[in-house]
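Asker: If you want the building blocks of each chain, they are given just below.
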Amino acid sequence: MIKSTINNNFLLNKEVKRRFASTSINQLKNKVSPIFTNRNPRNLERLRIGYKPDGYHVEYPDKQFWHKLLLKSSGKYVTASVCHYQNGEILTASTSEWAIKKQLYRTIDTSSYVNLGRVLAQRCLQVGLIEISCFIKPNSPNDKVSLFLKAVEEGGVSLTEPPQYKPSRPWDIDRPEKPWEVTE
Amino acid sequence: MAGTLWNTCRNINNNINTSLLISLRQGHHLRGKPPGVAKSLETKLAKANFKDPAIYYKVDIGLPPSQISKSKLKEERLKVLKEQRKSPILEKLARERKLSINLEEVYEEWLKSTGPKDIKRIIEHYGIFEHLYGDAYFYSRVPLKVFYENNEGSSPVYFGNVIKPSEATQKPIVSYECDKNTLWALTLVNPDGHLTEQTSEYIHWFVGNIPENDITKGETLVEYLQPFPPKGTGYQRLIFVLYKQEKQIDFSSFKRDGLCLNLSDRTFSTYDFYKNLQDHITPASLVFYQSDWDKSLKDFYHNILNMKEPIFEYDFAPPYIKKQKWFPIREPFNLYMDKYRDPKQINKEFLLRKLQNVHPFKGSPPPIPFPNAVYFEGYVPSWLKLEIRKSRLKWGRINEIENQ
Chain A
1 MIKSTINNNF LLNKEVKRRF ASTSINQLKN KVSPIFTNRN PRNLERLRIG
51 YKPDGYHVEY PDKQFWHKLL LKSSGKYVTA SVCHYQNGEI LTASTSEWAI
101 KKQLYRTIDT SSYVNLGRVL AQRCLQVGLI EISCFIKPNS PNDKVSLFLK
151 AVEEGGVSLT EPPQYKPSRP WDIDRPEKPW EVTE
Chain B
185 MAGTLWNTCR NINNNINTSL LISLRQGHHL RGKPPGVAKS LETKLAKANF
235 KDPAIYYKVD IGLPPSQISK SKLKEERLKV LKEQRKSPIL EKLARERKLS
285 INLEEVYEEW LKSTGPKDIK RIIEHYGIFE HLYGDAYFYS RVPLKVFYEN
335 NEGSSPVYFG NVIKPSEATQ KPIVSYECDK NTLWALTLVN PDGHLTEQTS
385 EYIHWFVGNI PENDITKGET LVEYLQPFPP KGTGYQRLIF VLYKQEKQID
435 FSSFKRDGLC LNLSDRTFST YDFYKNLQDH ITPASLVFYQ SDWDKSLKDF
485 YHNILNMKEP IFEYDFAPPY IKKQKWFPIR EPFNLYMDKY RDPKQINKEF
535 LLRKLQNVHP FKGSPPPIPF PNAVYFEGYV PSWLKLEIRK SRLKWGRINE
585 IENQ
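Heads up: the protein sequence lines correspond to chains A and B, in order.
According to the numbering used here, the stretch in the first sequence is residues 1 to 184, in order.
According to the numbering used here, the stretch in the second sequence is residues 185 to 588, in order.
Chain A with its partners taken away, still in its complex shape (with noise of 0.2 angstroms):
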């Protein structure tokens, strides 16, 4: 059983990734090939079908994500970053930055915390991830990292991914949903 999955996970990645197969083809004035390549790497996590690690479940920090959120606070400053499985840190946003200081009274009290929050999802929305992990497990529901939280959830921002969709095989059970043909 994992010797297959595992299988598919390289496969998807190496050879059949980003390749899709035509169903209706006509040719009037502009030609369409059978196979059509999508070569947005971000593409296939999008659409929920791009290869996710799974990790061990007991193992710290957790490795099941595409995107997932941190937070790092210094004596100074707090940065908050999104990072990716295979890319590493993608996006950024710290009160150490000028953008963000510049307005701010303290660069680590609470306000600092929910403004960054505002500050991570904006940009979040304006590079395309509504979704990513968070494994961060705050102390009490009141305290700045829970505020910070909830301040980048109000932007907009979901903090879980769905999980991976794998096909199913003949003698699976069921065939669950695919995402793509769900309609809004």
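Calculated directly from the structure, the hints in this document are not laboratory data.
Glycine is no exception: its CB is placed at the ideal position from the N, C-alpha and C atoms.
Be careful, since some hints might not be right.
[Unchecked claim] Quick look at which bits of chain B chain A covers, simulated, 3 or more residues with Cβ under 8 angstroms:
#1 259-272
#2 302-311
#3 319-331
#4 421-434
#5 479-492
#6 521-535
#7 538-549
[Claimed, not checked] Distance ranges between label pairs, derived from CB positions:
#8 B/N518 <-> A/E154: 51 to 57 angstroms
#9 B/N334 <-> A/K31: 42 to 48 angstroms
#10 A/L70 <-> B/R576: 47 to 53 angstroms
#11 B/R525 <-> A/K72: 38 to 44 angstroms
#12 A/L70 <-> B/Q354: 36 to 42 angstroms
#13 B/D434 <-> A/E177: 50 to 56 angstroms
#14 B/Y559 <-> A/P163: 18 to 24 angstroms
#15 A/K31 <-> B/G442: 31 to 37 angstroms
#16 A/L70 <-> B/L265: 25 to 31 angstroms
#17 B/G442 <-> A/P163: 43 to 49 angstroms
#18 B/E260 <-> A/E177: 38 to 44 angstroms
#19 A/P176 <-> B/R525: 23 to 29 angstroms
#20 A/N142 <-> B/Y504: 46 to 52 angstroms
#21 A/E89 <-> B/R261: 20 to 26 angstroms
[Said to hold, decoys possible] Away from chain B, derived, C-beta distances all over 12 angstroms, residues of chain A:
#22 P34
#23 N38
#24 I49
#25 V58
#26 H67
#27 L70
#28 S74
#29 N115
#30 P138
#31 N139
#32 P141
#33 G155
#34 E161
#35 P163
#36 W171
#37 I173
Once you've looked at the hints, dock chain B against the given chain A.
Answerer: Relative to the frame of chain A, chain B by itself:
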């Protein structure tokens, strides 16, 4: 009693052979090197994917950074910060957690300060430099603002946000800041949407020799065409690149007449375009959005492109099936054999069995309310019982014909 028995047994075993006891421990031997010493998958992959930086290096082809004295900038910033620390209003707002910074202002300031570095990282994350320029990259030194005006409002273009084709039917409004007496060129390319060649791009819009920032006064070489991602192919990147021209350039070889609805004429290669003109143009800025299929495209394909709408589906890897054995021991015979048969034949059998119960005029019989409570008449072998139960519950292979 049990304790004494165990002790005697151990004594007997010790007397007979001590090495025998050790060999009886099962499942405790390590295969290969221990975890701390052996290489992990991560290190192995890093070694396999290692690229020598002396050979695979990237080249900056963009504009140089603006020359601002760092010490002066620091001084100015310190002044602002010191004033802020003195402000009692700001202090009260921060203390009461009511301080809410202006996001628009943050964005504008970010574009001027740390923006170019962050934007470059995002562009690399989307693989744009690799697909458009190969081993070259550049920083977006000129903040480029592009937005689409439509009935529902305006959709601005940032760095990968999603804009549906129905929102992008009309040509966008482009603005940027520039010096006097400068010339610019703007291209809109799509590296993911080519219908025939897998590594080519389509050019959706090309305006050259733009005097300062007035797009309307520029020379339109290729008319604007909206994005048209086919159904089932997902999200395509549509990339605006602004080039700074050193002089007036003759772009007549890129000129396409009319609306240019013959898509093969729109085939474009940014790599070749830049390679030929690299002495006269410098990429100054890049913004892009992603677009996926929506309902409005059916009409666009039929009436404007005058073709049938193409529909695609993702080609998943087939499931792994191990090699068939002559004597498969401990395998259920029916399920094992089914794995090596033609799936179409199996589906046909399911369909024939279903059609036996379907009346051509009255339709299919009503579903069984309690499928597991139906009595089996006479002797039915257990494997067949299971198969019938699975079909009644709509489990397994029957779904292949039921969901059609």
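Asker: Hint by hint, say whether it matches the structure.
Answerer: Evaluation of the provided hints:
1. Residues of the region 259-272 of chain B with a Cβ under 8 angstroms from some Cβ of chain A number 6, which satisfies the need for three, so the listed coverage holds.
2. Here the region 302-311 of chain B counts 7 residues with a CB under 8 angstroms from a CB of chain A, which clears the bar of 3, and the coverage holds.
3. Here's how the region 319-331 of chain B fares: 0 of its residues keep a CB closer than 8 angstroms to some CB of chain A, so the rule of at least three is not met and the hint is violated.
4. With a threshold of 8 angstroms between beta carbons, the proposed coverage of the region 421-434 of chain B by chain A is violated, since 1 of its residues qualify and at least three are required.
5. As drawn, the region 479-492 of chain B meets chain A at 4 residues by the rule of a beta-carbon pair under 8 angstroms; at three or more, the given contact holds.
6. Under the rule that three or more residues need a Cβ within less than 8 angstroms of chain A, the assignment of the region 521-535 of chain B holds, with 4 such residues.
7. Only residues whose beta carbon comes within less than 8 angstroms of a beta carbon in chain A count, and the region 538-549 of chain B has 0; fewer than three means the coverage is violated.
8. Distance hint for B/N518 and A/E154: a CB-CB separation of about 55 angstroms, consistent with the stated range 51 to 57 angstroms.
9. Between B/N334 and A/K31 the CB atoms are about 31 angstroms apart, so this pair departs from the stated range of 42 to 48 angstroms.
10. With their beta carbons about 50 angstroms apart, A/L70 and B/R576 fall inside the hinted range of 47 to 53 angstroms.
11. With their beta carbons about 56 angstroms apart, B/R525 and A/K72 fall outside the hinted range of 38 to 44 angstroms.
12. For the hinted restraint 36 to 42 angstroms between A/L70 and B/Q354, the CB-CB distance of approximately 40 angstroms keeps it satisfied.
13. For B/D434 paired with A/E177, a C-beta distance near 55 angstroms keeps the hint of 50 to 56 angstroms intact.
14. For B/Y559 paired with A/P163, a C-beta distance near 40 angstroms fails the hint of 18 to 24 angstroms.
15. Against the hinted window of 31 to 37 angstroms, the Cβ-Cβ separation of A/K31 and B/G442 comes to about 20 angstroms, which falls outside the hint.
16. The hinted window of 25 to 31 angstroms between A/L70 and B/L265 holds, with their beta carbons roughly 27 angstroms apart.
17. Here the CB-CB span from B/G442 to A/P163 is close to 48 angstroms, well matched to the stated 43 to 49 angstroms.
18. Judged by the Cβ atoms, the range 38 to 44 angstroms given for B/E260 and A/E177 is violated: they are separated by roughly 57 angstroms.
19. Distance hint for A/P176 and B/R525: a CB-CB separation of about 24 angstroms, consistent with the stated range 23 to 29 angstroms.
20. For A/N142 and B/Y504, the Cβ-Cβ distance of about 50 angstroms falls inside the hinted range of 46 to 52 angstroms, so the restraint holds.
21. About 25 angstroms separates the C-beta atoms of A/E89 and B/R261, a value consistent with the hinted range of 20 to 26 angstroms.
22. Against chain B, the non-interface label of A/P34 is violated: not every CB pair exceeds 12 angstroms, the least being about 9 angstroms.
23. The claim that A/N38 is not at the interface with chain B is violated, since a C-beta of that chain comes within 12 angstroms of its own (minimum 5 angstroms).
24. Not every CB of chain B is more than 12 angstroms from the CB of A/I49 (nearest about 6 angstroms), against its label as outside the interface.
25. The beta carbon of A/V58 is kept farther than 12 angstroms from every beta carbon of chain B, the shortest such distance being approximately 15 angstroms.
26. Its closest Cβ contact with chain B, about 10 angstroms, brings A/H67 to no more than 12 angstroms, contrary to its assignment away from the interface.
27. At roughly 15 angstroms, the least C-beta separation between A/L70 and chain B is larger than 12 angstroms, which holds for a residue marked as non-interface.
28. No Cβ of chain B comes within 12 angstroms of the Cβ of A/S74; the nearest lies about 17 angstroms off, and the non-interface call holds.
29. Residue placement check: A/N115 does not keep its beta carbon more than 12 angstroms from all beta carbons of chain B (closest about 5 angstroms).
30. Non-interface call for A/P138 relative to chain B: holds, since the shortest CB-CB distance, roughly 16 angstroms, exceeds 12 angstroms.
31. With a cut of 12 angstroms on Cβ distances, A/N139 stays outside the contact zone with chain B, its closest approach being about 18 angstroms.
32. In this structure A/P141 is separated from chain B by more than 12 angstroms, as the shortest Cβ-Cβ distance comes to about 15 angstroms.
33. A/G155, annotated as away from the interface, has a beta carbon of chain B within 12 angstroms; the closest lies near 9 angstroms.
34. The Cβ of A/E161 sits about 16 angstroms from the closest Cβ of chain B, beyond the 12 angstroms cut-off, so the non-interface label holds.
35. Even its closest Cβ contact with chain B, about 16 angstroms, leaves A/P163 beyond 12 angstroms, as expected for a residue assigned away from the interface.
36. The claim that A/W171 is not at the interface with chain B is violated, since a C-beta of that chain comes within 12 angstroms of its own (minimum 6 angstroms).
37. Annotated as non-interface, A/I173 brings its C-beta within 12 angstroms of a C-beta of chain B; the closest such distance is 5 angstroms.
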